[in-house]
Amino acid sequence: MMNSEPILSVSNLQQHFKINKDLTIKAVNGVDFEVKKGEVVGLVGETGSGKSTVARTIMGIYPATAGEVYFKGNLISDKGVYRKNKGDINKNMQIIFQDSAAALNPRMTIEEIITEPIVVNKLLQDKNKIQEKLDTLLMEVGLDHTFKKKYPTEISGGQRQRVAIARCLSTSPDLIIADEPIASLDVSIQAQIITLFQRLQREHGFSFLLIAHDLSIIKFICDKVAVMLHGKIMEIGPTEEIFTRPAHPYTQSLLSAVPVPDPIYERNKILIDYDARSAIEEAEMVELSPKHRVFNNFPSLVFQKLY
Amino acid sequence: MEEPILQLQNLSVSFDTKNGEVEAVRDVSLSLKKGEILAIVGESGCGKTVMSQAVLKLLPKTSRIKQGRIIVDGEDITDYKEKEMRKLRGGVMSMVFQDPMTTLNPTIPIGKQITEAIVKHNKVSKEEAKKRGIEMLNLVGINREEEMFSLQPHFFSGGMRQRCVLAIALVSNPQILFADEATTALDVTVQAKILDLLLDIRNKTGISIVFISHDLGVVARIADRVAVMYAGKIVEIGTAEDILYNPRHPYVWGLMSALPALTKAGESLATIPGTPPIMLNPPPGDAFAIRNRYALAIDYEEMPPMYEVSPTHYVATWLMDEKAPKIKPPISLKRMEKE
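For the record, the sequence lines run as chains A and B. First residue of the first sequence? That's 1 in my numbering, and the numbers climb one at a time after it. First residue of the second sequence? That's 308 in my numbering, and the numbers climb one at a time after it.
In isolation and in its complexed conformation, chain A is listed as follows (with noise of 0.2 Å):
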């Protein structure tokens, strides 16, 4: 079902933070990327990596400092075009963050939380549909109706974090955007939300993108990856292959960070250090497959084509 149209492609995306007239930040620096229909796009990189900052100026909560941002075949990284498209990106791209607990209003009841985008949005105005429309999205997220009449507090944090995800459902958007969803949950709770991203995404089909730290989570769900390094992005292609063959240095020091449970392994784990001491500013991106490229800021080391 998966077909080659891009829902959201982004192209040379910067976001630099003027402290002051001396210090300006660059979270990030040149990043292009594109998230098809129905793909789950994986975003990897350590703190301060800017992957944050790439969804937050997606989504338009800091205006780009250049770049464009294409969603749905709409320049919304342009203010005149987000605004005459204001309601269907409203309605069409979601996000979810880390912490739920602040994310959702504390003084408005789960019920009020899930259907403020619908009311909103006018999407629906027939207060029958609208409670409707709530059992399903309950239903479809494992919550039962007794938690309508709860408050975000008297709820643990993965139900939390399922009633952010129906919330995010209610509006059956395009795309999603889910920052580190996952980062703060028991490890336990972690496997039941994932499996229903799994789920929501198979049975919904909406493209997704997925930021996180936690590679053996990208590894599980996504379709591709990225890995991002100060604001820029390092290698990017399929899961299978960023895994099996990763080619950038900084990829390969990321995967043997990763700790396996499996002690004997692990004891003799050699882990292999980046050193980005003869890394260089200014570089090209490499191809190496059709879908798999490379930021080639080491001039000594030649990357193998793989085709």
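Hints listed in this document are in silico derivations from the structure and should not be mistaken for laboratory results. Since we're looking at a predicted model, the values are computed, not measured. Where a beta carbon is used, it is the ideal one built from N, C-alpha and C, also for glycine. It cannot be assumed that every hint is accurate.
[As the list claims (entries may be wrong)] Within a straight-line C-alpha distance of at most 20 Å, the following computed DMTMM-like cross-link-like pairs (lysine to aspartate or glutamate) qualify: (1) B:571 - A:112; (2) B:340 - B:494; (3) B:368 - B:343; (4) B:571 - A:214; (5) A:269 - B:531; (6) B:325 - A:154; (7) B:511 - B:343; (8) B:500 - A:273; (9) B:500 - B:406; (10) B:500 - A:135; (11) A:269 - B:406; (12) A:269 - B:391; (13) B:571 - A:240; (14) B:340 - B:454; (15) A:269 - B:548; (16) A:122 - A:112; (17) B:500 - A:241.
[To be verified] Now the in silico label distances, taken between C-beta atoms and shown as ranges: (18) A:278 - B:317: 53 to 61 Å; (19) A:122 - B:366: 37 to 45 Å; (20) A:112 - B:324: 26 to 34 Å; (21) A:101 - B:458: 33 to 41 Å; (22) A:101 - B:507: 31 to 39 Å; (23) A:198 - B:637: 13 to 21 Å; (24) B:459 - A:203: 50 to 58 Å; (25) A:19 - B:317: 52 to 60 Å.
Add chain B to chain A, keeping to what the hints say.
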């Protein structure tokens, strides 16, 4: 047999809340040998932090040690008062917390924070303290230590801050270090380096470490022995190999099959249904029974005793009883045939 450095005997800790008594730690017994790294694994609210806080007597006022004994280096410290505990804390035992930013005082130079303990405890001179402080920074792998000694925490990155916190914990040569989710807030690459540093320090100084974590991958890298806690009780304890290659408790099976790292892409991830229990009114039987696919009728009525799997490996589940049906664990962890 060498005398263990830390021994807990049937330790129970309870909190008094307005809704009643919450049993955070229930009947925990374990021992820690010299130079050993013991990992305590469990989900949030399982009592792993409360247990370590009980040993250090850092518990809030609403809680109390209901029963059991804490023996440190052959000495029973269960009834120690604050004054006596102060000598132990930072001396014999010290602790590293999850978030280095809240542990460090943002206004005081790192060097002063590191040497504070020895200046207070050992009454060393200023020069000596500084020498020791620089030595510590060197030990935890901070370069240009002379320069760094006089800088405030905000000059440091997250990983370096956690190294400084380790330096503070290690400055008075403790015998036991409690590391409570010490690497959880860090990036994977930084985490791997801090874990290696802990192993290195253990090899150099022979310190014993109680490493509290929820990440089985991290535990595999660092731990000699692993104790898995659920609802305030130790449900399984053994060497890292015992627990990760041959787990016996259904909860540990669940935890491991929920790891994306052990599941192939395309397969669906196994989940543990439900949520961890609230220990306000613990059920009479095994607290895990309601989430347990393999629960037997007796699980709901009576708490399972500790069964011996091997001399190093103990597990509390009725499945080990001779009358129980033989169930094959759903996961088999094969050693990775790589590198």
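Tested hints:
1. B:571 - A:112: violated (39 Å)
2. B:340 - B:494: Violated, at about 30 Å.
3. B:368 - B:343: violated (31 Å)
4. B:571 - A:214: holds (16 Å)
5. A:269 - B:531: holds (16 Å)
6. B:325 - A:154: holds (17 Å)
7. B:511 - B:343: Distance of about 13 Å is within 20 Å: holds.
8. B:500 - A:273: Judged against 20 Å, a Cα distance of about 10 Å means the pair holds.
9. B:500 - B:406: holds (17 Å)
10. B:500 - A:135: Status violated; Cα separation ~48 Å.
11. A:269 - B:406: Given pair residue 269 of chain A, residue 406 of chain B is violated - Cα atoms ~27 Å apart, limit 20 Å.
12. A:269 - B:391: violated (43 Å)
13. B:571 - A:240: With a Cα-Cα distance of about 11 Å, the restraint between residue 571 of chain B and residue 240 of chain A holds, given a limit of 20 Å.
14. B:340 - B:454: violated (37 Å)
15. A:269 - B:548: holds (16 Å)
16. A:122 - A:112: holds (14 Å)
17. B:500 - A:241: Given that 20 Å is the threshold and the Cα spacing comes to 26 Å, the pair is violated.
18. A:278 - B:317: 53 to 61 Å: Given range 53 to 61 Å: holds, Cβ gap about 58 Å.
19. A:122 - B:366: 37 to 45 Å: violated (54 Å)
20. A:112 - B:324: 26 to 34 Å: holds (30 Å)
21. A:101 - B:458: 33 to 41 Å: Since residue 101 of chain A and residue 458 of chain B have Cβ atoms about 34 Å apart, the given range 33 to 41 Å holds.
22. A:101 - B:507: 31 to 39 Å: At roughly 38 Å between Cβ atoms, residue 507 of chain B and residue 101 of chain A fall inside 31 to 39 Å, so the hint holds.
23. A:198 - B:637: 13 to 21 Å: holds (19 Å)
24. B:459 - A:203: 50 to 58 Å: Since residue 459 of chain B and residue 203 of chain A have Cβ atoms about 52 Å apart, the given range 50 to 58 Å holds.
25. A:19 - B:317: 52 to 60 Å: holds (56 Å)
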